[in-house]
Amino acid sequence: MKNTILAFLLLASSLAAQAALDPVAVRQLAAEDSGDKVTAIRQLVQTADPDAVRVLKAMAEDSLFVAGDQVLIIEGEQAFDAATGKSVKMPASPESPTVNNRIRGELAAALAALKLFDADPVVRLASAQKLQSNVNPAMAPLLGRALERETDAQIKALLTLAYAQANLGNSDPAARLAAVKALAETSSPVIKSVLLPLTEKAGEPDDKVRYEAIAAVKSIDSRLAMTENLGRVFSGLSLGSILLLAALGLAITYGVMGIINMAHGELLMVGAYSAYGMQTLFRAWFPEAIDWYLPAAIPVAFFSAALVGVVMERTVIRWLYGRTLETLLATWGISLVLIQSARVLFGAQNVEVSNPSWMSGGIEIMPNLILPWNRIIIVGFAMFVLVLVWVLMNKTRLGMFVRAVTQNRPMAGCVGVPTSRIDTMAFALGAGIAGLGGVALSQISNVGPDMGQGYIVDSFMVVVVGGVGQLAGAVWAALGLGIFSKLLEGWAGAVIAKITVLVAIIIFIQKRPQGIFALKGRFVDN
Amino acid sequence: MRKPLTIRILASLDSKSWLALGVFLAFTLVAVPVMHLAVPPESVFHLSTYFITLIGKIMCYALVAVAMDLIWGYGGILSLGHGLFFALGGYAFGMYLMRQIGRDGSYQSDLPDFMVFLDWKELPWFWTGSDSFGWVAFLVLAAPALVAFVFGYFAFRSRIKGVYFSIITQALTYAAMLLFFRNETGFGGNNGFTDFKRVLGVSITSPETRLVLFGLTAITLAATLVFASWLVKSKFGRVLTAIRDAESRVMFIGYNPLWYKLTIWVISAVLCGIAGALYVPQVGIINPSEMSPANSIEIAIWVAVGGRGTLIGPVIGAFAVNLAKSWFTVSFPEYWLFFLGLLFIVVTLMLPKGLVGLWQTLREKLQNTQAGHAPQGEK
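Protein sequences appear in the order of chains U and H. Counting with our numbering, you get residues 1 to 526 for the letters of the first sequence. Counting with our numbering, you get residues 527 to 905 for the letters of the second sequence.
Same shape as in the complex, but just chain H (with noise of 0.2 Å):
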C-alpha cells in the first residue's frame, strides 16, 4: 500500500530541513523586501540593489547546480555542457523580453533594434509567438528538454559514458555557442539580448519587478530542493543511483539504464533553462559566452565544492563560490583565476565529499571525543 504523493513528499525532508527551508523563504519573500524598501537607505539593515541581483543571480546559480548534482551526484555523468541548456531558456525567455521593448528600442521600430540593424524586414520564423508570455514560457521548458532527449537519447543508446560523454556535452555547447555567435543565426550574435524595458508590462528595473522576480527565484529553488529530494529517495532515485556504482549489474538484474538516464538527464536540463529564464530579466543580458565550455565546467566546481551526492552540498557550493567569485573580481580581479584553479585542484584532491562532507567528518569526530575519551568506537 503506497502512501498519497503529497505524504511522500512531506516526508522526503526531516523536520530540521523543513525548518531550514522554511526559515530561507521567510528571509527572501519577507525580511528581503522589508530590508529593501522600508529601511532607509543610509541604515546598516539596507539591502541595496547590488544586493538584491547578486543574491538572486546565485540562486539561479544555486538552481543550475542542483540540477548539475542530480546528473552528476546522482548519475555518476559529469556533463560539461550544462551551460548550454542554461543558456537555452535564458534565450527563449530573452525573446520574449525583446519583444517586450516594443518601439522603445534605439531605432524605433517593431524589430527588435539587431534585426534592424541588418536589415531584415520581419522575424525569422522560431521568434513567432514570442510576444506571448505563456508560449515562451513553454519553451524555456521545451527547448532545453528537446535538445537535451535529442542528444541524451542517441548518447546514452550507444552507452557512451564517464569522459567521452563529458568531453562530448562539451562539444556540444562549444559548437551552439559558435553558432549563437553568428548575426545570422538571429539571436543578436556577440551582443546577444540586453536593453530590456519590461516584463508583462510593468518595468523590469522597477525595486517592486526585482523584489518579485527574486522571490519567485527563492520560491523555485525552494521547491526544487523539495522536488530534487523527493525524486532523489523515489525508486527511480534508488535505481539511478545503483545505475551509477555499477551499470553493468542494474542491466544483469532486468533494468535497461537508458530510460533512467534520459529522464534524469531531461530533468535537469528543464532545471536548467527554468533557471536561465530567471537569470536573464535579473541580470539584463544574455550572450553566448554563457554556452563556452569554461562556464559549463565552472558549474561542475559549485556542485564538487559543496558536496556532490546530497542536495544541499550545490546550493552551498554555488553561494561560496560566487560570493568568493564576487569578492575576488572587485578586490584582486588578477588572483581570481588563481584562487579558482587551486579551488578546483585543492578539492578533487583533499575534499573529494566537499564541504558538506567535512562538515560530516568533522561533527563526526567531536561526536567521537565527546561519547569516550579514548576513540575504540573506530573500526
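Chain U with its partners taken away, still in its complex shape (with noise of 0.2 Å):
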C-alpha cells in the first residue's frame, strides 16, 4: 500500500517537474521513518528545481524545521515556506526533524547530484567526479537529464559512466546492455568491482548482458593489467635513477681510476646525513622556510662528501694505486668507520627525514597508476645530475685531464697533468655524485648508519654490467636493472627478483667480461 503511494508520488512529481516543489514531498522530509526521508529526498532531487537545492541544503545544515503541518526554513529571526519560498510568520515552536547520518551520506549525494545543473563549468565537473564511486538506481533519470543539458565534453564524459551505472540496476535488460557496454570502455578498478556481480548468473538473469558483462571486465582488465605494468616500468625507471645516481660516482672512481670503493655506499649516507643536518637546521633557524631545505642541502651533501672523498684519497687511497685488492680491504675499513662514526654523532637509530611539501603527491595518469612526485623529481635529478658530470668530463679542463690520465698516466705525466692533484679531484668528484645520490636516497628511503650497504652491491653490479670506464655504459645498466628487477618483482616477488638479477649478472658477466660497452683496445693484463 505504501509502496504504490510512493511509486505515485515519484510519478506525479515528475510530471509535474520544474512547477513548483511538491508540498507532500517536502512535507514527508519530516517524516518518523528514515526510509520515508530517503524516499523524499530522492523525490526532490528528481526536480532538479533550484528550490529542492535550497530545501536540502537546509536540511543539511540543520535550518528545516517542522511547526504542525508546516516545513519551513528558519534563518535567523525569518522563516520561509520550505516548499513555495514565501515569507511566513515565525511558528511559536518549531521542532528539527532528526537527521541521522544515513540521512546525511543522502543528502550530501543528493546534494551533488543536483549541483550537475550549477551554471559553472566547475563546480558540475566537480560533482560529476564525485559521482563515479557512488550512484544509485534512482538517479538514472536526473543523470539522464543533466546528460541532455550538458555541453561540456569532459562533463560529459564522466555523466556518461555515471548514468550507465546508475543504469546497471535498471528492469530494462537493454539499458542494461547499453550501460555495460558503456563501462567496457574504461580502465577503472572501481567500475571493474561495479561489473563483476554482472558476470554471475544470480547477478544478471540476461545471457546477453551477462555475457557482454564478462567481456567488459575482460576489456578493462587488460587495460588494468597494461597501466600496471606501465606503473612498474615508471619504478623501475625510479629505482634505475637511483642506481644511478649511486653508480655514477663509482663510474668514476672505480671506472675511470681503477679504484674499488667499498665506502661508496657510505658516502651515499653522507649525503643522506647532509640532508637531515640541513632538514634539522631550518627547523632550527628558518621554519617558514623549511620546504627549502632540499634545494639547500644539495651542495651541502655535494662539499661534505667531496671532502670525505679528499680526506680519504689523501691519507689511504694515495698509497695504495695499482693495489687494487688492497684497495677493496682498506675502504672496507674505511666504510666501518663511517657507519661507527655515524652510530655515534646521531644515534643507532634511523632518523626522519620528511619530503617538502612540494614533493608530496603526484600525478594521476589513470585511475590506478598515480606517479609520486618525489619520485618524478628523483627521475629529473638523476638526469640533471647524469648531464652535469658529462659536461665536467667531456667539456671542461679538468675532465679532459681525467681522461687522459686514465688513459695513459705517464705520458700525461710528461705532458704536465698534474696526476696527483688530478687523482684526489677526480675522487672527490665521484664522492660528491654519491652525496647528491644520498640526498636523492633521503627523500624515499630511510636514513641510517647501515643505509649504504644495501647500495653496495646493487651500485657495482651496474658498473660492472656497464663495463669500466663508461659514463653511457652505468646508465643503460642502472635503467636496465631497475626496470627488469621491477617487472620481474611484479610477478616473482621482491627477494626471488633480487636473487634471479644477481644470477642473470653473474652469467652476463661470464659472457662479457668487459660488460656491455668495452673498452677497445689489445693489452695483456698482468
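If you are wondering where the hints come from, they were derived from the structure by calculation, not from laboratory data. For clarity, every value in this text was computed on a predicted model and none was experimentally measured. We treat Cβ as the ideally placed atom computed from N, Cα and C, and that holds for glycine. Where hints are given, some of them may not hold.
Stretch-level coverage of chain U by chain H, calculated; a stretch enters the list once three of its residues show a Cβ under 8 Å from a Cβ in chain H [to be verified]:
(1) 29-41
(2) 308-322
Which chain U residues face chain H? A few, computed with CB under 10 Å, are given here [claimed, not checked]:
(3) L338
(4) V344
(5) V495
(6) I506
(7) I509
EDC-like, lysine to aspartate or glutamate: derived pairs with alpha carbons at most 20 Å apart [said to hold, decoys possible]:
(8) U:K498 to H:E710
(9) H:K879 to H:D771
(10) H:K529 to H:D540
(11) H:K687 to U:E326
Build the complex from these two chains, which are given one at a time in their own frames, with help from the hints.
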C-alpha cells in the first residue's frame, strides 16, 4: 500500500517537474521513518529544481524545521515556507527533524547530484567526479536529464559513466546492455568491481547482458594490467635513477681511476645525513622556509661527501694505487669507521627526513596509476646529475685531464698534467656525486647508519654490467637493471627478483666480462 | 725417483714446525680436557665452558682463514664469498642436528619446528637422508664443492679475475643470503637452525661432547695445516704461485691455469664447509647472516693481519682478530667497528705482510745488529 503511494508520488513529481516543489514530498522530509525521508529526498532530487537545492541544503545545515503541518526554513529571525519559498510568520515552537548519518549521506549525494545543474562548469565537473564512485539506481533519470543538458565534453564523458552505472540496476535488459557497453570503455578498478556481479547468473538473469559484462570485465582487466605494467616500468625507472646516482660516482672512481671503493655506500650515507642536518638547521632557524631545505642540502651534501672523499684519497687510497685488492680491503675499513661514526654522532636508529610539501602527492595518469612527485623529481634530478657529469668529463679542462690520466698516466704526467692532484679531484668528484645520490635517497628510503650497505652490491653490479670507464654503460645498465628487477618483482616477489637479477648478472659477466660497452684495445693484463 | 707420499708429507714441515704442531695438539687434546674436567672451578687453572666454546669457535675460523689463504695468498684470487661455503657446510650439518632433535621440539613433531610453524606436512626432497650421519657428512663436503666447482668453472673459464672476481663472489654470497632468508627455501628463514639437542645420540651440551668437538676441531686444523704445507710445496703449489705472479707467462709456457685455479678453489671451499660443520654444533646456531658480505670480507682481514702467503699467518690472524673482537664487544662494544675498520686500513697500508712479516723484519734487524755492528751487509 505504502509502496504504491510512493510510486504514485514519484510519478506525480516527475510529471509536475519544474512547476513548484511538491508539498507532500517536502512534508515527508520531516517524517518519522528514515526510509520515508530517503524517498522524499530522492524524489526532490529528481525535480532538479533550484528550490529543491535550497530545501535540501537547509536540511543538511539543520535549518529545516517543522511546526504542525508546516515545513519551514528558518534563517535568523525569519521563517520561509519550504515548498513555496514565501515568507511566513514565525511559529511559536518549531521542531527540528532528526537527521541521522544515513540521511546525511543521502543528502550529500543528492546535493552533489543537483550541482550537476549548476551554471558554473567547475562546480558541475566536481560534482560529476564525486558521482563516479557513489551512484544509486534512483539517480538514473536525473543523470539522463543532466546528460542531455550538458555541453562540456569532459563533464559529459564523466556523466555518461555515472549514467551507465546508475542504469546497471535498470529493469530493462536493453538499458543494462547499453550501460555495460558504455562501461567497457573505462579502465578503473571501481567500475570493474561494479560490473563483476553482473558476470554471474545470480547477479544478471539476461544472457546477453551477462556475456557483454564478462567481455567488459575482460577488456577492463587487460587495460588495468597494461597500466600496472606501465606503473612498474615507471618504478623501475625511478629505481634505475637511484642506481644511476649511486653508480655514477663509482663509474668515475672505479671505472676511470681503477679504484674499488667499498665505502661508496657510506658516501651516500654522508649525503643523506647532510639532508637531515639541513632539515634540522632549517627547522631551528628558518621554520618558514622549511620547504627549501632540500635545495639547500644539495651543495652541502656534495661538498661534505667530497671532503670525506679528499680525506680518504689523501690519507689512504693515495698509497694503494695499482693494488686494487688492497684498496678494496682498506676502503672497507673506511666504510666501517664511517658507519660507526654515524652511529656515534646521530644514534644507531634511523633518523626522520621528511619530504618538502612540493614533493608530496602525485600525478594521476589513470585511476590505478599515480606517479608520485618525489619519484618524478628524483628521475629528473638523476638526469640533471648525469648531464652535469657528462659536461664535466667532456667539456672542461678537469674532465680532459681525468680522461688523459685514465688513458695513459705516465704520458699525461710527461705533458704536464698534475696527475696526483687530478686523482684527488676525480675521487672527490666521485664522492660528491655519491653525496648527491644520498640526498635523493633520503627522500624515498630510511636514513640510518647502515643505509649505504644495501647499495654497494647493487651499484657495483651497475658498473660491472655497464663496463668499466663508461658513463653511457652505467646509464644503460642502471636503467635496465632497475626496470628489469621491477618487472620481475611484479610476478615473482622482491626476493626472488633480486636473486634472479644477481644470478643473471653473474651469467652475463661470463659472456661479456668487459660489460655492455667494452673499451676497445689490445692489452695484456699482468 | 719420487719419494713416497708419507715421506714427502713429513718433509713438508721442518722439525720446529712439527714440534709446534705437537705442542698445540698436546695442549688441546690433553691439557684442555684436564683443565676443564679435573681442575675444580675455583682454581685459576680451570677452563670455563665459555673459554672452550670461544677457542673452539676461533679454531673453526682459523680453518676458514687457512682455506682463504690457499686461494688468496697462494692463488692470488681474493674471494669475498667464502662465508657462503662456510654456511653451506654449517647448514648441511645443521640439518642432521635438526633431525636429531626428534620429537623434543616445542611442537613434539617429527618435522623440525620451523616446518610445523609453516604448516608443512612432510620434509622437502633435499632433506632426504638428513637423519643419516654418513650422508650428511658427505653433504658437508659435497655441497660447497659442487657450488664452488660450478661457479668457479664458469668464472675461471671466462678468465674473470682480480676485483671483478671478488665482486662477483660477493654478489653470489649476497644472493644466497637473500635466498636463505626466505622461509620457503626450507632452511628456517631468518632464524636458521638452533636449539640443537643431540649429536650421534649424545647430548650436545654435555662437557664431554664439547671436549670431543673441541678436540676434533684441533685435529682437523692441524691436519689441514700439514696438508696445506705439503700442497703449497708440491709441484701443484708451485704452478699455482706462478699463476698468481704472472698468469699470462704460465699460459705461454703451456699450462692451463683453469684447472689449477679450479682445484685450489674447490679445496678451499670444502675446507670452509668442514669448518662450518664443526662450528655449528659448538656454537649451537646457524643462520643466513653467516653469508652476509661483511662476514666474508672479515675472513680476508684475518688472513691479512696474520700475513698471507704463509700458513701460520692466517691462524695467528684469526686468533688475534677474534680474541680482540670478543674482548672489545664485551668491554667497549661501540669501539669495535672503529678498531676493526682501522685494522683494515693499517694492515693494508703498513703491514702488507701481516704480523708474520713484521716478526720476520724485526728478527732480521735484530740479527743484523748482532752479527755486525755496522749494517754493511745491507744492499
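Output the indices of the hints that this structure fails to meet, ascending.
When the structure is compared with the hints, only number 1 turns out to be violated.
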